[in-house]
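Trainee: Residues per chain are reported as follows:
Number of protein chains: 2
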Amino acid sequence: MIRTLALALLFPLVTIGVATAQEAVKPPVRHTLMPVPRSVVFQTGRLAVQSGFTVAVTKTSDARLLAGLGRALRRLERRTGIEFPRGLAKDADAATFVVECDGPGSHVPSVDENESYTLTVDAKRAVLKAATTVGALRGFETLLQLVDGDRAGYFLPAVTVDDAPRFPWRGLLIDVARHWMPIEVIKRNLDGMAAVKLNVLHLHLTEDQGFRVESRKFPKLHQMGSDGNYFTQDQIREIVAYATERGIRVVPEFDMPGHVTSWLVGHPELASAPGPYEIGRTWGVFDGALDPTREEVYKFLDVFYGEMASLFPDAYMHIGGDENNGKQWNANAAITAFMARNKLADANALQAYFNQRLTRILKKYGKRMVGWDEILHPDLPKDAVVQSWRGQASLADSARNGYMGLLSNGYYIDLGYRTADHYLVDPLPPTVNLTAEEAKRVLGGEACMWAEWITPETIDSRIWPRMAAIAERFWSPGIVRDVNDMYRRLATVSIQLEDLGLRHESMAPVMLRRIAGSHWIVPLAVLASVVEPVTGYQRGRVRPATQFTPLTRLVDAARPDSMVALLLRFGVDELLGDAPRFRIQRQELANAFQQFRDIRPAIDRLIDEAPVLQEAAPLAADLSGLGALGIEALSYLTSGIAPTAEWRDVALARIDQAARPRADVELAIILPMRKLVVAAAELGQFAELGPRAWAARVDTLAAPPPPPKK
Amino acid sequence: MIRTLALALLFPLVTIGVATAQEAVKPPVRHTLMPVPRSVVFQTGRLAVQSGFTVAVTKTSDARLLAGLGRALRRLERRTGIEFPRGLAKDADAATFVVECDGPGSHVPSVDENESYTLTVDAKRAVLKAATTVGALRGFETLLQLVDGDRAGYFLPAVTVDDAPRFPWRGLLIDVARHWMPIEVIKRNLDGMAAVKLNVLHLHLTEDQGFRVESRKFPKLHQMGSDGNYFTQDQIREIVAYATERGIRVVPEFDMPGHVTSWLVGHPELASAPGPYEIGRTWGVFDGALDPTREEVYKFLDVFYGEMASLFPDAYMHIGGDENNGKQWNANAAITAFMARNKLADANALQAYFNQRLTRILKKYGKRMVGWDEILHPDLPKDAVVQSWRGQASLADSARNGYMGLLSNGYYIDLGYRTADHYLVDPLPPTVNLTAEEAKRVLGGEACMWAEWITPETIDSRIWPRMAAIAERFWSPGIVRDVNDMYRRLATVSIQLEDLGLRHESMAPVMLRRIAGSHWIVPLAVLASVVEPVTGYQRGRVRPATQFTPLTRLVDAARPDSMVALLLRFGVDELLGDAPRFRIQRQELANAFQQFRDIRPAIDRLIDEAPVLQEAAPLAADLSGLGALGIEALSYLTSGIAPTAEWRDVALARIDQAARPRADVELAIILPMRKLVVAAAELGQFAELGPRAWAARVDTLAAPPPPPKK
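Chain order of the listed sequences is L and Y. Here the numbering used here = 1-based position in the first sequence + 143. Here the numbering used here = 1-based position in the second sequence + 143.
Same shape as in the complex, but just chain L (with noise of 0.2 Å):
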């Protein structure tokens, strides 16, 4: 695991493991797909990929597909560097790549599109076989990441795949709204959505901090509530035509009654308190509702949201619905008043009143409503689909009421967690108890990328690659749960997604060049790749900030599950594995400690002239002590002589020090530290235990002491 991990630094200045000598010609036994399809057999044999590779398109074939194909055929070469005849094959039977699709499917991206796709590859030819379009859409990625290359060139190995999705709905929401992000960011988005084959692009297009879409008949929406940062009505069309190309569905979100303050800007009218109102400039929720119980209102949605059916071709419209506080509602004596009259028994009761009223506007406009869990209600209808920012039991109770939904609760990639975190959970994991009819209702799931904590700089680094993960989560068979083997996969998919345009791997250097105001980074790239955002929602409680805040710091350049904290954790489970020899990975594992021990005179050096970077002497002097202590462990562990109690004592207290987020990041190394100062103390143990129960007796004393209690 750990050799071929090596393999993935992010940046390549710690390096743990070494890559084993390849054999020349590479029985292709593990892939690095991604998503798994649901079948793959690989056989024996291969298939050149060299200048003379021909496409044949049979059956029919439509101007989709045949874009499709030349992006999928102009990505091989760029990656092999050969160049390709221009132009489809006209005999069939003599080309290297036969794609035969049965129609182009529906043009407007559907939930019920057949994305299924087989896919044969023996020695003389590849044969991709889709009932629409976008099953060969899907089929072309599964292709290029088959595309593997040795001594005797680049080559995909012979293979039988049979794949459809496990979801009909596999999304990815991208909030515009809070920071504003160009359609160059959707773009490039878009392109790695599809390469991991998710289907659903959900636009958060309004919120209290911005309304992001230009409205020809109420322009004083994105004229005053905008900063003139919005998506033309052209742009729009360009978006999704876009991701039609790549099919994927654009559903828009018009969150409401509740994150509307951007909309009463230029519309206080329809504002349950007067205003006037200004864009939110800080985060959390605004009181700003509209008012529900005014016709004149409905009239507005109604013209609105004819308008953005015309624009958005897609059959649901989200609503958002979510965390309206009712403050505003409960204060006004006329909307009290309403809600005695209609016998509305409180906020949320009106709530649903509104979201009927809703329902009947979008219905007319031939949409289906999309919201949050807040729109359940027993008086919502049945065809509406209900997004779970709560959980799996909320999403199976509503499915057993009849309501198809998502599940988004886990996928929350703003919150900076591991990729494993997302990775496992299930919209419909195994122990819930639905029935068959009841569990088709949960259509899938949408990972949410909001926007307090992104720019356009930093969001792909946010998105991406852990968003491959949980693409297979939503298209894979749910056993297919190796977390290990998904990080073996996913270094690989990383780079690939960087041919599409994706800054993910690429922006932090440039970011910590701007830092440094230097081209030499290498203390801060080692410092940046071992720290990670904090997650869960601690950012901003020490350093509040604003819209405005610039997000061009440490933390912005550090990315969440770092990839050499990683390889430090297996390094050093291989390490203690290993005992009581304790040869594997020690020699990797003494360099990184060296290199972080000495880090603090560099990272000093840079402060000299980056006063941006003055918040992270402190952290780079626990990394320097943790690099101490590493090697401290290192050779306690490799003289077979314990340390002191006083000793363990005093390292896991430098530890616990060194696991205090400073500057919005922590250490991202804190357990592999814990486990090795533990192995040192229990050394005396192994004799006694044996090599598994001296590694379950250190995996329980190194668990981190549990939070202190607020």
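Calculated directly from the structure, the hints in this document are not laboratory data. All clues stand as given, with none of them false.
Same chains, same label: a pair holds when it works inside one copy or across any pair of copies.
Computed list of lysine-lysine pairs in DSS-like fashion (alpha-carbon distance at most 30 Å, straight line):
id: 1; residue 1: K330; residue 2: K363
id: 2; residue 1: K233; residue 2: K363
id: 3; residue 1: K525; residue 2: K506
id: 4; residue 1: K470; residue 2: K525
id: 5; residue 1: K363; residue 2: K470
id: 6; residue 1: K363; residue 2: K442
id: 7; residue 1: K233; residue 2: K267
id: 8; residue 1: K486; residue 2: K507
Just so it is clear, the structure is predicted and the values come from calculations on it, not from any experiment.
Given chain L, put chain Y in place with the hints provided.
Mentor: Below, chain Y without anything else, positioned relative to chain L:
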């Protein structure tokens, strides 16, 4: 020198030199301004850049000024991580930064625009004064380049800058025709241009290989001549507006009568020989030429230029005029009869006739003509501007003949030469013999980014950072010619340019990861950092290519003017300057040589999985050999014992061997390697000759042998 440059490593892997300890508070003795202002005088004191940084605009202001100011402040926020107050200060006396602008200047940027400004910083405030908005924009860039940081925080040093450009026409030509460059490439390069005070974007829009602008009058031009890759008229307006916002003119070029194959695909009737025509896919001079003898052609061009004149507001329009080989003309009986009838002696005379007709058309639409050297002819109207690819003598000639001119010879940045080579080329060298009036006709220069060998992925690294040094040549006083100081400042400016979205620094690792199929690119990055693409017109000789050939090989990831090679040259010079002790840089060079020596097995392992890298095997072998040689030479120098003549001969032969271009790249460390070997061989002469004469002797003997006869 080397200690500063050590901060500027491209790949932080070959580390030569260490940063000297910085004083806690830096005296602002060495600035990193580029281009160097006409006058810059530093004083004692500083103005803190901190969270209360407020800005006032006095006298006049327009939307363009405010937008430019906003962009500058956002860049400053990103760099410092500090959030500034939004909005302008009402009380100018209390503001940290005061902008005093006399007027907006011309709406369409003009070659006569007043771009001067003064900037004074003292402990209380910074004051920028300019006659026009464009002058203020230039001043913003200087302000940003002045910002510095130390332990006390970010600050502007106290300074007085009095600045104006030397030449009024400071341009960059981007060829979007041979390889298509979409609008985002143009925009980020416009931002880079503005940052170094360039003011003309010359868009080479049409070529044999592509017609890149939408024509509504003759839609077959872009529909049949572009493979679908062209700027819509909306995009042209967007580009012009974006450039105008930054004080940059957009001069379009419609190359004719030659270089028109892509026009002829849709309009073969314009040609001088019967069609049909296909878009050019290879490089070089094509035969296709407009027929200058038929009135229909002029009618077509009249309508065409009328359409383009309304799209491009600049006063100048470029008609190309280069490399018409005359073959079609001489082979066409009707054309030769026309020439005889009109006493046009040859193709040149016919082209002059064509240009006179074009001039009249352009004049009708209020445009002046620009063309390449070939348009020079006694009949050329005096308000034409001649762009010289032939050189300063040709340029001076045309100035004597009353023509305005631009120098491009010496600034062909597609040819891969080093920054210093371009930097020292002067449009108006002191040796040129022109009267003051004649000299004024030399308007400036344009660097040319021809696009045979670039894609949107690599164009930035071919333009930047070298273009910044050329921009300095066009803006700064002619006496600013210190190459070492240029390189020192260039390293800093290059990082600042990244903030504008340019990918010249960050794309190479992406390309290397794609080549390797892995994150583990350290050895490949080392190799790529010491090779340079072959210079001049060597590329494509060994491995012919078409417009479709993928440009994703090692040569494409490599960059002109390797920074590591530069550091190695300086490092060796410092070492030899320290004779006979040879201590300075010794350890750093030894480290680098060791990395070189050990590269071979690592590259071989990468090749096991990346066939596209097979071409690099001999380079890696040679670099290994050079590394071993370097270590041997160092040990001779250190021991003071001279090697045998045989060792020297074998070593030099091995270096010559390594100097041969392979895989379209060259190892860029040949000269310092020869110096080291010769220095070791000449150790015995040191006592007799003394330091200076010995160093001169080493330099002379180490000069590379003349290239072999062809």
